[in-house]
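Asks: Dock chain to chain to rebuild the complex, using the hints, since each chain is given by itself in its own frame.
Residues per chain, in single letters:
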Amino acid sequence: MPVFEGLSGRLQDIFKDLRKRGKLNEADVDNALREIRLALLEADVHYSVVKAFTRRVRERAVGVEVAKSLTPGQQVVKIVHEELIRTLGHSGQLDLRGNTPHVVMLVGLQGSGKTTTAAKLALHLRKQGQIPLMVAADTYRPAAVDQLVALGKQLNIPVHEEGVDRAPTDIAYNGVEKGKRENASLVIIDTAGRLQIDPDMMDELVSIRDRVSPAEILLVADAMTGQEAVNIAEGFNNQVGLTGLILTKIDGDARGGAAISMREVTGVPIKFLGTSEKADGLEVFHPDRLSSRILGMGDVLSLIERAETLEIEEEEALAMQQKMRTASFTLEDFRKQLKQMKKLGSLNQILEMAGLGQAVDQIEPEALDRQLKVFEAIMNSMTPHERERPRILNASRRKRIAAGSGTSVQDVNQLIKQFQTAQRMMKKLSKQKLPANFRGLLG
Amino acid sequence: MLRESLSRTRQAFIGKLTAVFGASELTDDTWDEVEALLIQADLGVETALEVTQTLRRKVSSEGLTTRVQLKTALKETLLEMLPEPSPLALDEPRQLSVVLVVGTNGSGKTTTIAKLARRFADQGRRPILAAADTFRAAAIDQLKVWGERVNVPVIAAQPGADPGAVTYDAIRAARARGYDLLFVDTAGRLHTKYNLMEELKKVHHVAAKNVHEAPHEVWLVLDGITGQNALQQAKHFKADVGVTGVIVTKLDSSARGGMIFSITRDLDLPVRYIGIGEGLDDLIPFSAPDFVAALLD
Ligand SMILES: Nc1nc2c(ncn2[C@@H]2O[C@H](COP(=O)(O)OP(=O)(O)OP(=O)(O)O)[C@@H](O)[C@H]2O)c(=O)[nH]1
Ligand SMILES: [Mg+2]
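So the sequence lines, in the order shown, correspond to chains U and Y.
Residue 160 in my numbering sits at position 160 of the first sequence, and the numbers go up by one each step.
Residue 38 in my numbering sits at position 38 of the second sequence, and the numbers go up by one each step.
Okay, chain Y solo, but in the shape it has when bound (with noise of 0.2 Å):
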């Protein structure tokens, strides 16, 4: 499926492919092109160089020829850049468990909040929704919308109202109705924003205080077709509220989401869900192999 929606658009990314891999001798140039291909699908110059040095360190020792040897050593680098994840901290069993989404504005947090309960409601868990976005006008319509649509409850107050009492209010509505999932949307904002990012320690702070070990998972939403700027949003979001992991969505896009190497590599931050769509099932888990394998195939 994912395949299916990333290939749509790779026709013309597949055709500088097979005319690298394709060339019959590897002379300097081939590595140029390889970099170039790596560049072009967000990896970044510095990541897209390191890429490179591994692959030609390896085509060297392992005395590789051909142009399926050169793709298939290209697709080992780049996996093993992209270690296994470790477990989800939802699947333990637990009274409450928290999640605070976050990101910037517009990178999909509220539809994959939408996909996320829909998800979690199909295994069996009993998930509540946080409309912790006071801010962007109709932002509670937009997630109340989706709560309807994926029937579950949707706490929220007034427009302009204090996130953390929201945050609040949801975590006791949980406790007293038996929801033992809460997903908290919060208002996008740039990592920049100094006082946007301590009102986003405060909703942090009051899952902390109210739920053991809350929260207990903290996603940040990426917008797909993000640059080199999402090294950045990643590594503000992570030190500011402690990201624990990474949803890219919008890959259903022409674009690559090829900066998921520098993040995971640099912050060591897992990427654990991808968004393919706004429907409520265009939400997978993450899986390096399909995701390498699309990124190249």
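Looking at chain U on its own, in the form it has when it is part of the complex (with noise of 0.2 Å):
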């Protein structure tokens, strides 16, 4: 099973036989760098910025002296890892300081996310204490402002509209004056998704910025963005003053290096991330763990937060987080996953944010389908200790649980490797630390 095909494996082939030189060299590091521009821009960073960037890593990297604890592979990733956190900068907080209400601007392309970032914002920042009104200044897209509605009455979070024959600007410093007499403490506008090089539209956000004096003005930008990001970021920025973006859609499996584009034309912090379509699914941006995935290296720390937050069967959540942690993971466990996999997909969710995405990507659905009923079949004929302790497995008992499962002994031996295989990478996974995540991943 190739699960690592990120920046760290080729980097490991690469510096395979270097294991005991002292210094990195010129040789070693534009080696290293090439592999490390074409990961950049397999992950949507921008041309130039890839260039920029490497030139920086290049001039950190060459003449280091590898530390002792670390091979040449680990050390080039550690510098990259660390330019690439420099670069995408800190978690990004708003600013809610000064006068009440704090009004917060949402805008970015057609159908970027804001106005379902717009309710997960409220849901957000209403958790940390805030009285949120939301209000719809969209009324160009056909039923955008019964959009925010239904997501205000889901949430029971007020909504202040005024139809599609109002100007947005209007309508915009009406909520703010609504805001104020209902004593909100923050008021979030949703503005219609446009291009940044359409004038007009660019001029309505900027008389609605003048009307309302946001203190954030937040980019919500998908995380599937292209080479574009670059003139995207920067013409929000040119026009209307950016305070921060917001990456959405960040559950796929897009690497989403337009982050580190649109970062570094704007020098705004990035402030949260979307993970999901439903209102919880907002995150605090991490900065560390969006370098991992950038270099296609997993994000076993998002899995453990969202294991700790995971309302749902939370107990479970907790135990296969300590079992991660402590690599004591079982076939029973296996066979709980698989059980869940089935109500959530929820198996397929955890491999994609421990960074084993694309193990699972290679398996046609279909056949993974038929090759889950089969592993279900083997476990549920294995007796509860055979699962606890697969290392009894023997011949003898690999045949009976075969016949008993209708499969063939080759089936048990197959989901038997593939457990193991699990098994490896979550002992791996476990031994990630921060700040040295990547440790244990190579060489």
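Check each hint, because a few of them may be wrong.
[What the hints assert, rightly or not] Which stretches of chain U does chain Y cover? Using the computed rule of at least three CB atoms under 8 Å from a CB of chain Y, they are:
| no. | region |
| --- | --- |
| 1 | 38-46 |
| 2 | 103-114 |
| 3 | 136-144 |
| 4 | 149-160 |
| 5 | 287-295 |
| 6 | 413-423 |
Because the hints were derived from the structure by calculation, they are not lab data.
Here a beta-carbon is modelled for each residue, glycine too, at the ideal position from N, C-alpha and C.
Replies: Laid out in structure tokens, this is it:
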């Protein structure tokens, strides 16, 4: 099962023969940088941003003494990771000082996720004690107002709307006034999607901004954005002035390199990531995690944090998290996971977040489905003791299990092999700790 | 029209292009620059390299030297990667044709369906729409507004209803009322979500079971600003629900949509239409020569 196909794997190959060298020389570093450049471009980081970035890494890396505890590959990844974290900047906080209500304006292209994000943000900040009001200032897209109203209703958050016939600027202004009257501490304005090259629509944003003096103007951008991310971010920043970025749909398998591009050209911090379609799918941005993702190194921390906050099946999740930490993941757990997966698609998600998405990726969905059924049958034919201690599964036990589940010994062997791979992965992942969370992935 | 909207923000790109193709001599740098331009148009590293190499071979075998020649050769190379697609399955005479419209969240499915309905109605067809996005807040209302604007019926149920059931109702309504072209608006979903893709398969299954050879087309709506993830999307949607063609939206933006080259090559999927604005008429049939010209001129 090819698992870490990302940068770490490639660098491992390059540095296989270099374990004993003391200093990183130019040739080593350039070799590594070629791979890094590729990885970044494949992650949709803009061409010129990649260029500048690899130049910085080169300057930092050449001549560096390889630390005793690290291989040269690890040393370079460490530098890349650090530089990437530096480029991505601090984990962003909203600036909610000053007079209430604080006004937050969401802007961005069509379909980037502004309306959903408005609701998520309101919910997130309400949990922190804010009293939010949302304002429906997208009068263009059919039913955009209805969408925000529906979300407000679901979450029990008030929405100011005036239909679609008033000017968005007036609606925004009236919304803020209403927020003041009704003691809201936070007013979130949902604006219509627009292209940064549409002068009339950009003027509209400027006029809204000038009417309501927002504390925050956040660009909501899609994680799968390609090379255009630089022009989009620059366009919005130059014309309206951004205070932060929100990257949405990060729960897909896009690497999210657009974040680096946008951050690099605007210099404003990334503040949140959108992680699901649900209202609680908003995470505070952590540069180290996004860096790991962009470099293709998975995101075991997000997984653990998610497990921690998972409301449903909380105990299960906690137990699983513990198991992942201690790598005492048994077949019994594997079986539970499969069961859950049927309900939620959760194993998939978990693998995705753990950076094992590509492993899942390579299996045909139908084949996976069939295979899972076979696996389940096999595990159901095992005794609980066997599931807890797969090591005792000798040839005669395997034969019995195959017969009992109507499968073949090969099927049983395959299950055990896959399980062992998964277990090894868990072990590796559990060794990751920040800041050196790539420890154990290399060499 | 495409040229016009695509050209609005091409200035910077064109500037660079002119620089590349204006250099009097072709050097190693020229090839790096061509590659860089293609990468910046979202072709992806691998495809950009492939194009550059083909171009290089062409230039040396044909002894090309001038910038005009180089540019023409690049155009040819890109065009060769976009073969003539087969005719639309919808054009075959049939009592009811079904088109499933799928894609990631916010890619432009609902708007595109409205544009398609307008387009086919203008050609004398009788379209009808199924509001099978029962998940996103107000998605049904959105489609209904469009239905009114294009004067096409929308079959809908309550929010949260089963999308397969809505599709079934729409098929029955189409038959009963003599509509010959059903567009099914499905909820946006990321291709990595197992359960949501399963749901989509069910919708597909409902169409297949109730209408002979349906769905006749499955169109993947791709946001034009998407980068390298587009290929993953197309791969998954094709594997799960048999996508037959791609519609690229938002090409009125500053994006150039270069990801379609790897999609066409690796997955053999034709691009059928492109979206160039938010209005009902802002959908045009894909033309490879126009697309390539707009990319480079
Ligand atoms: N500029 C531009 N905007 C477009 C185009 N096509 C769609 N849009 C806009 O993109 C936004 C999202 O479009 P929708 O049609 O709602 O997208 P969807 O895929 O149905 O979205 P979900 O159902 O939420 O997944 C809307 O604001 C549309 O007006 C296009 O070709 N150009
Ligand atoms: Mg829709």
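Asks: Compare the structure with each hint and give your call.
Replies: Okay, the hints, checked on the actual structure:
Residues of the region 38-46 of chain U with a Cβ under 8 Å from some Cβ of chain Y number 6, which satisfies the need for three, so the listed coverage holds. Only residues whose C-beta sits within less than 8 Å of a C-beta in chain Y count toward coverage, and the region 103-114 of chain U has 5 of them, enough to reach three; the restraint holds. A stretch counts as covered by a chain when three or more of its residues have a beta carbon under 8 Å from one of that chain; for the region 136-144 of chain U and chain Y the count is 5, and the coverage holds. Only residues whose C-beta sits within less than 8 Å of a C-beta in chain Y count toward coverage, and the region 149-160 of chain U has 4 of them, enough to reach three; the restraint holds.
Counting residues of the region 287-295 of chain U whose C-beta lies closer than 8 Å to any C-beta of chain Y gives 0; at least three are required, and the coverage claim is violated. Counting residues of the region 413-423 of chain U whose beta carbon lies closer than 8 Å to any beta carbon of chain Y gives 0, which falls below the threshold of three, so the coverage claim is violated.
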